[in-house]
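Using numbering that gives the first Met the number 0, you'd call the opening residue of the sequence shown number 0 and step up by one each time.
Some clues are possibly wrong.
[Claimed, not checked] What follows is a list of derived Cβ distance ranges for each label pair:
id, residue 1, residue 2, range
1, ASN98, GLU119, 33 to 41 Å
2, SER36, PRO61, 18 to 26 Å
3, PRO61, THR134, 38 to 46 Å
4, ASN91, ILE57, 18 to 26 Å
5, LYS110, SER63, 34 to 42 Å
6, SER63, TYR87, 24 to 32 Å
7, GLU35, SER3, 38 to 46 Å
8, SER63, ASN115, 36 to 44 Å
9, LYS143, SER63, 44 to 52 Å
10, MET0, VAL31, 23 to 31 Å
11, SER3, LYS143, 30 to 38 Å
12, ASN139, SER71, 30 to 38 Å
To be clear, the hints were calculated from the coordinates, so they are not data collected in a lab. We treat Cβ as the ideally placed atom computed from N, Cα and C, and that holds for glycine.
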Amino acid sequence: MKLSRNTDLRIAINTIDDVFTRSLPLNYEKWVDFVESHLSEFIWKENTKDGIEILKDIDNVPESFRERILGSLNKVSCYAEFDDKKGYYNINVGFSSRNNWISINFERTPKLEDLNIFLEMANYLNALLLIDGKTIIDNNILNKTS
Numbered sequence: 000m001k002l003s004r005n006t007d008l009r010i011a012i013n014t015i016d017d018v019f020t021r022s023l024p025l026n027y028e029k030w031v032d033f034v035e036s037h038l039s040e041f042i043w044k045e046n047t048k049d050g051i052e053i054l055k056d057i058d059n060v061p062e063s064f065r066e067r068i069l070g071s072l073n074k075v076s077c078y079a080e081f082d083d084k085k086g087y088y089n090i091n092v093g094f095s096s097r098n099n100w101i102s103i104n105f106e107r108t109p110k111l112e113d114l115n116i117f118l119e120m121a122n123y124l125n126a127l128l129l130i131d132g133k134t135i136i137d138n139n140i141l142n143k144t145s
């Protein structure tokens, strides 16, 4: 299995067979529980330096945008692995109730340990870890990769 930083990784209840097929809803509360129980690895967007600055300046944001900005800070995005040299997080994870999936984006090539934590997250949510919404990553595939 060849992965790159541009690999489309998602967690969803079912595969996405075509653009018209929607995934079943994920359990938001379980997503929050999982991230909260792994705060040694993840940080909520609202707890990052940028998130704190946004909250501090929220009164200066036009009202028409305020709800959307606050919504992005309500435990729907988290990050992992801050790169001090580059000044950003290498992993960005977002919960989308509109699309019924969790998107996982990398600023570097994903490592086996990354896939392991996201497979653990998927299993916790009774969901699948997917490449391009179609290819399932499971323990058998990870064991072949190691």
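Output the indices of the hints that this structure fails to meet, ascending. 1, 2, 7 and 11
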